[in-house]
Structures are given as structure tokens and as C-alpha cells.
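Engineer: This is what each chain is made of:
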Amino acid sequence: MPDKKHDLIDQQLQDFNDDGVDRRGFLKCMAWAGTGLVWTMSGGIPVSRAFAKGYGKDAGKGGDFSFVQISDSHIGFNKPANPDVTATLQTAINKINAMSHKPDFIIHTGDLSQLSKPSEFDTLDQALKGASAKQIYFVPGEHDMLSDNGEQYLQRYGKGTKGSGWYSFDHKGVHFVGLVNVANLKAGGMGSLGHDQLEWFEADLKGRSASTPIVLFAHIPLWTIYPDWGWGTDDSEQALSYVKRFGSVTVLNGHIHQVMQKVEGKVSFHTAMSTAFPQPAPGKAPSAGPMKVPADQLQQVLGVTDVNYVVSGRSLAIVDSPLADSGSSASRESADVDSTLG
Amino acid sequence: MTRTKVWIASLATPVMIALLLAGSPSVRAADQPAAAKAEVKIDNFSFGPQTVTVPVGATVTWTNRDDIPHTVVSTDGVFKSKVRDTDETFSYTFTKAGTYPYFCSVHPKMTGKVVVQ
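Which chain is which? The protein sequence lines are A and B, in order. Numbering of the first sequence is given in this note's numbering, commencing with residue 1 and proceeding in unit increments. Numbering of the second sequence is given in this note's numbering, commencing with residue 343 and proceeding in unit increments.
Note that these hints are calculated values from the structure, not bench results. Watch out, some of these pointers could steer you wrong.
[What the hints assert, rightly or not] Here are the simulated BS3-like pairs of lysine-lysine, each with C-alpha atoms no more than 27 Å apart in a straight line:
#	chain 1	residue 1	chain 2	residue 2
1	B	K424	A	K79
2	A	K117	B	K379
3	A	K117	A	K79
4	A	K159	B	K424
5	B	K438	B	K424
6	A	K186	A	K102
7	A	K117	B	K424
8	A	K186	B	K424
9	A	K172	A	K244
None of these values were measured; they are calculated from a predicted model.
Work out the full structure, taking the sequences as your base and the hints as a guide.
Structural biologist: Given below as C-alpha cells:
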């Protein structure tokens with residue numbers, strides 16, 4: 001447990017809290033232990049807690065549950081940054097299957113494929129069949145809508161969804177909303193939800209109790225991380241205005257192939273690692289292209305995200321774990337957190 | 343050894359002249375619009391050059407040199423490439439004068455412009 005780092009993050013969050021936002025219901029906090037990031041969000045007094053291996057073992061009792069987020073599998077990518085993305089996806093699935101608590105379902109936050117090819121989707125499907133959780137929820141990434149305006153994606157993964165693939169569902173008292181911000185992108189812009197989806201989203205939330213925990217998931221971050229690289233969503237502010245009255249909102253995204261997070265009022269934002277290849281930190285490279293790392297370090301920058309919802313504490317805990325454990329990846333992620341909060 | 347070097351130097355000069363002659367139709371594009379060509383490279387999520395100026399009738403060819411697929415899509419709906427993976431190209435021949443803004447529909451921060459005179 002790197003106490004110094006923990007203290008630093010705590011201190012930064014403290015500063016963050018001094019912005020006049022009501023602390024009741026404030027989402028909090030994180031602690032570092034080994035390679036796992038725990039992010040506990042509480043409706044009451046904020047509590048930070050350390051990640052222990054057994055964390056989440058009580059999930060499944062009562063209304064508690066956990067689910068896993070994976071992202072950016074890019075099946076079909078075969079360049080030096082990772083010549084075998086199917087193998088690393090398989091490693092991610094093995095990691096999920098080895099979890100001590102069985103997740104209720106998996107969320108894939110897009111870029112299933114590299115080029116929207118049927119063979120790529122086939123390979124993904126085949127690999128995911130081996131996952132212990134049989135229910136998988138998808139949203140598309142821009143790579144999944146390359147050739148046919150996303151028709152094939154919708155046929156395979158978007159049955160029963162609206163528009164370009166958005167939908168919502170409830171699970172054990174938590175309301176989940178899958179949003180699509182990769183369709184009909186405009187020149188010079190970033191991700192976009194569009195008028196129709198925003199209208200649907202507002203109506204979808206109407207009438208729900210403010211105490212309902214909300215989880216939003218979409219491919220491109222719903223908060224602006226780095227506009228120069230298009231790492232944000234042009235109309236996300238409007239979408240987030242609809243969730244302001246809720247006491248607990250968690251936003252899960254992919255696209256940037258690294259862990260980043262931010263807490264703003266009652267909303268916590270989180271991006272997941274890729275299962276395929278890492279991308280550079282914002283502005284730290286000429287472009288957002290695949291980042292090459294030595295082969296023996298690749299699995300330290302790829303990973304899965306485990307989310308635990310515990311009814312008794314009204315909290316969610318988000319744990320990112322790389323495919324291979326290593327102290328160096330923990331420090332890399334910490335740096336990301338520092339720069340996000342700082 | 344010295345003789346060999348001289349031989350290479352003397353050969354190089356006519357080869358260079360020949361290359362210059364071969365390249366002349368595109369250099370003097372205004373006089374022979376049918377043969378005019380221009381190249382745009384996609385590198386590091388950007389189009390280079392970002393603005394390319396060509397005569398009417400010129401063919402512009404885009405080449406994707408990134409590890410990530412891109413597209414070349416006219417903002418006004420004039421042309422639209424299929425997705426272009428690494429080293430794949432897209433060409434379009436401009437038959438009317440005007441300014442043609444375009445972007446990558448996958449990464450819309452990537453924008454460029456073709457000016458046809």
C-alpha cells in the first residue's frame with residue numbers, strides 16, 4: 001500500500017471538495033494497493049478504503065452485485081503495438097473467469113473490432129462465449145461503424161436498441177444507460193450524442209427516484225479529457241444536466257486506452273484500459289495512435305475493470321486491474337490520476 | 343576506386359535530369375490539367391499538407407500511413423472514401439473549381455481542404 005501516494009490523492013480530493021460542492025452524497029474516494037484502484041462512492045460520509053484481494057467477496061448477497069467492464073478489443077488490429085489482440089482479449093476473459101466473485105454481467109464499451117469486418121466480430125463473439133458471465137451489454141465504438149453506418153453492429157449487438165444503438169436497463173435497483181457517441185460525427189468536432197438520443201435520455205430518466213444509482217456507459221469519454229485529440233463529447237454537458245438530481249452517478253467510458261478518472265459533484269467519471277493496446281497520455285505523443293511498449297510489459301497496460309455495487313453501503317467500488325500484475329503499472333496509473341485531479 | 347566514383351557521378355546527372363523531365367507534367371499542372379496530381383499523406387492523425395491547391399481536373403490521392411484506419415469525407419458530401427487502413431489510398435478527381443473541406447469521419451478533429459482553381 002503506497003501510503004504516500006494515497007495521502008497525496010486524498011489531499012487532492014480534499015482540495016477538490018473545497019469547491020463549494022455539498023459533501024453529502026459526494027463520491028469518494030480511492031486508494032491504491034498494488035495494481036488495483038479502488039474507488040468507493042458513498043451516499044453518506046465519504047470513506048476511502050483499500051483494495052484487498054477479497055474485496056467484493058460479499059457481492060451476491062442480498063442486492064449486492066458486481067459487473068465487469070472491458071473495452072477497446074480492436075479485434076483485427078495486428079500492428080507491432082500488439083500483433084495478437086485476440087490472445088490478450090482471451091487473457092482478459094480468463095481473468096474475469098478467475099474472479100472470486102462471479103460478475104452478474106459484462107459491459108463492453110466499444111471498439112469491439114478494428115475495421116467492422118464480419119470476421120472480426122465473429123472472432124470477438126467466439127472469445128466472449130468463453131466468459132463466465134453470459135450476459136454482455138455493448139455500446140459501439142467508432143471502429144464498429146466504419147463501413148455501413150453501423151448496420152452490422154446493430155444486427156449483431158444492438159437488437160431492441162434505439163437509434164444508433166442506445167438503450168437502458170435496470171439491474172438490482174441500479175439503472176444502466178448505454179449511450180452512443182460515435183455516430184454521425186461532424187467535421188472538427190469530438191464525440192456526439194445528438195438531439196434524438198438526448199431527448200430519449202431525458203425521457204428515460206424522468207420519473208425515476210433521485211436515490212436510484214445511475215450508471216452511464218459510452219465509448220468516447222462523456223467528459224472532456226483532451227479536445228485536441230477529440231477525447232470528449234461535444235454535447236455531454238446537456239446529457240449530464242439530466243442526471244444532476246441523482247445522488248449517485250457513475251460514468252464508464254473507453255476509447256483512450258488508459259485509466260483516467262474525475263469526480264464532479266455526485267458524478268464520478270472513469271475510463272477503462274483496453275484489452276488490445278495502450279495509447280499515450282494526453283499530449284505526450286504527436287498523436288493518439290497505438291503506443292508501443294516492450295512485449296513483456298504489454299499486459300501491464302491492458303486490463304479489465306471490476307465494479308462492485310454494495311447495497312448496504314450504497315456504494316460502488318471500481319477496481320482496474322492490468323492483465324499482468326506489476327508495480328510499475330500502478331505508478332503509471334497513479335500518475336494519470338494525479339494529472340486528472342491536479 | 344576513384345574511377346568507380348566518377349562513373350557513378352556521371353551516371354547520376356542524366357538520371358536526375360530524366361526524373362525531372364518525367365515529373366514535369368505535374369510541376370506544370372496548369373498547362374496540362376488532365377495529368378495534374380497531388381498527394382496528401384495521413385500521418386499522426388493529420389492530413390499533410392492540410393490545404394492542397396490543384397488545377398481543375400487534378401486527381402488528389404490520400405495515403406494512410408497511420409496504424410489506425412481513417413476516412414476521407416467531404417464535409418459537403420462531394421466525395422467519401424471507404425475506410426482506409428494502413429498504406430491504403432483513396433483518390434478523387436476534381437472537375438470543378440472551388441474549395442472542398444473534408445475530414446476523417448472516424449476522427450473528426452482531423453480536417454483538411456482541397457482548393458481547386
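Engineer: It remains to establish, for every hint, whether it holds in the given structure.
Structural biologist: Each hint tested on the structure:
no. : hint            : in the structure
1   : B:K424 / A:K79  : holds (20 Å)
2   : A:K117 / B:K379 : violated (32 Å)
3   : A:K117 / A:K79  : holds (17 Å)
4   : A:K159 / B:K424 : holds (26 Å)
5   : B:K438 / B:K424 : holds (22 Å)
6   : A:K186 / A:K102 : violated (41 Å)
7   : A:K117 / B:K424 : holds (13 Å)
8   : A:K186 / B:K424 : holds (17 Å)
9   : A:K172 / A:K244 : holds (22 Å)
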